[in-house]
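**Q** Sequence:
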Amino acid sequence: MRTSKMRREIELKKGWVFTGRDGKAVKVDLPHTWNAVDGQDGGNDYYRGTCHYSTTFAAPDFDSKTQRVYLEFQGVNSSAEVELNGQKVMSHDGGYSTFRADVTEFLTKENKLEVAVDNSVNDRVYPQKADFTFYGGIYRDVLLRIVSNEHFEMDYYGGDGVMVTPTVEGKDGKVHVESFHKAENAKVAVTLIDAQGNPVAKGEGKDVTVTIPDVHLWDGVEDPYLYTAVVELMKDGEVKDDVRIPFGVRTFSVDPKKGFFLNGRSYPLHGVSRHQDRKGIGNALTKEHHREDMEFIREIGANTVRLAHYQHDQYFYDLCDQYGMIVWAEIPYISEHMPNGRENTISQMKELIVQNYNHPSIVVWGLSNEITMGGGEDDDLIENHNILNDLCHQMDPTRLTTMAVVSMCSIDAKYIQIPDVISYNHYYGWYGGTTDMNGEFFDDFHKKYPNIPIGLSEYGCEALNWHTSNPVQGDYTEEYQAYYHEELIKQLFTRDYIWATHVWNMYDFAADARAEGGENGMNHKGLVTFDRKYKKDAFYAYKAWLS
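Residues in the sequence shown are numbered from 40 upward in steps of one, following this note's numbering.
Be careful, since some hints might not be right.
Unchecked claim - Heads up, simulated DSS-like pairs for lysine-lysine below, C-alpha to C-alpha not over 25 Å straight-line:
| no. | residue 1 | residue 2 |
| --- | --- | --- |
| 1 | Lys148 | Lys127 |
| 2 | Lys53 | Lys326 |
| 3 | Lys148 | Lys52 |
| 4 | Lys148 | Lys53 |
| 5 | Lys127 | Lys389 |
| 6 | Lys221 | Lys245 |
| 7 | Lys297 | Lys486 |
| 8 | Lys151 | Lys168 |
Keep in mind the hints are simulated off the structure, nothing from the lab.
Turn these sequences into a full structure, and let the hints steer you where they fit.
**A** Following this line, the structure appears as structure tokens:
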């Protein structure tokens, strides 16, 4: 949704050559993953290694004296080495974020672009251990972006070069717009426009605050109203560059006794978690796939989405803004702490915040997920969390930090005290225990730590299209799944202090190491099947309670 009148973009989707582990070169279009089949069929034997992509393209039409050309990748899993015309132009570790480089000096009349993509096992790039498939490939868009020599910053962690920070004062909106550029003797003009395209406020400067009188609030699913900040870089009376940032004006808070508040009123958060893959497609989704996912999430009446366990496509964050979702965004620091992975957690967190700062839907940054699953809390793990927590607050003092804690982790664990709010992943009633243990846990936690906001970041049970008149725990039937969720709804939705609940999961998803429920390679905890063709009974339980 970040548009520009001054910039041009060229998609590099067609005419790629893919060379996999068999050494055979085949033609493909992007987005693409090499694990769409073997990453979903079970056996924990999908190919994790290095594969190669290449394409050729003619030099774009641009003025080499006044313009620059950037090469942008929006998602390559998980490490990439990029060469243009035989010269290395960039490398990147982290499979879920945008990265780009200025390639102007590398361009010739005809150009060969080569990308080595590696999703192999290592001890430094997250994720390495988790219950989902780490699809290899160039699975999001690749673009050439043509900009003026004088342009807003494009080299800092894949961001827009503009940060929009709205606050509310009485009936007015105070909008702080900070922009970044290196152009000498240039000025920045800021115009805020409403949803109908009318200017409502203007200002000038790299760091300016302007006022929207009688501001129209971004009010969740009921009224997700968006303004647009038009930010122009001016020099010698001409517009050299511009970016257009949709934003929403809202306030939020979390009360440890009363839960989540949006714009000053109680706003209980009940929703789902989402993975980004599909049957036979893997993670190489189209915009149509993303939009269909959002339509189903809204159909059940959810007002929040936990985007697990990594940075999702920018288009989906845009949809969350437009549909009024409250979002938990996180990095893939998951399941197993790796002492050699600290720098990767820091770089992925910086990318997550820089690239997503302007989304009004996001209210919390997730530090980690079930990170103590592989063992106790060592000093390095705790230090890593403190570093990430401080980093989030330094880069974005407007949002809270959180994390998803594995069920067996003691409520007295030191690292639980680090973020602003926490949530637990509990499966009482599925992986042992009984459904009534969920409510008991939260009451016990809240009694002992009444000032720590507590939520439920994962809960669910598996169901295939199996049916019975006598459902029992562990039978993989829709009837037990529906019973489980109806019981959890009663317990969770009646405890006002629980700041958020997120069903695990909205959709079945691939986990090639999994062997459960008669269909290997799949996690069947979704409310909707992997192919999005069938809504399970539990889907309608939530639709009845939430709609």
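**Q** Can you confirm whether the C-alpha distance between lysine 53 and lysine 326 stays at or below 25 Å?
**A** holds (17 Å)
**Q** Take the C-alpha atoms of lysine 297 and lysine 486, compute the straight-line distance between them, and say whether it is at most 25 Å.
**A** holds (14 Å)
**Q** Decide if the proposed pair is consistent with the structure: lysine 151 and lysine 168, CA atoms, cutoff 25 Å inclusive.
**A** violated (35 Å)
**Q** Is it true that the CA of lysine 148 sits at most 25 Å from the CA of lysine 53?
**A** holds (19 Å)
**Q** Given the hint that lysine 148 pairs with lysine 52, does the C-alpha gap stay at or below 25 Å?
**A** holds (19 Å)
**Q** Under the criterion that the straight-line Cα-Cα distance not exceed 25 Å, is the pair lysine 221, lysine 245 satisfied?
**A** The given pair, whose Cα atoms are some 11 Å apart, holds under the 25 Å limit.
**Q** Just to be careful, I want the Cα atoms of lysine 148 and lysine 127 compared with a cutoff of 25 Å; is the pair within it?
**A** Judged against 25 Å, a Cα distance of about 18 Å means the pair holds.
**Q** Verify the proposed pairing of lysine 127 with lysine 389, using a straight-line Cα cut of 25 Å.
**A** The given pair, whose Cα atoms are some 24 Å apart, holds under the 25 Å limit.
Of the numbered hints stated above, the single one contradicted by the structure is hint 8.
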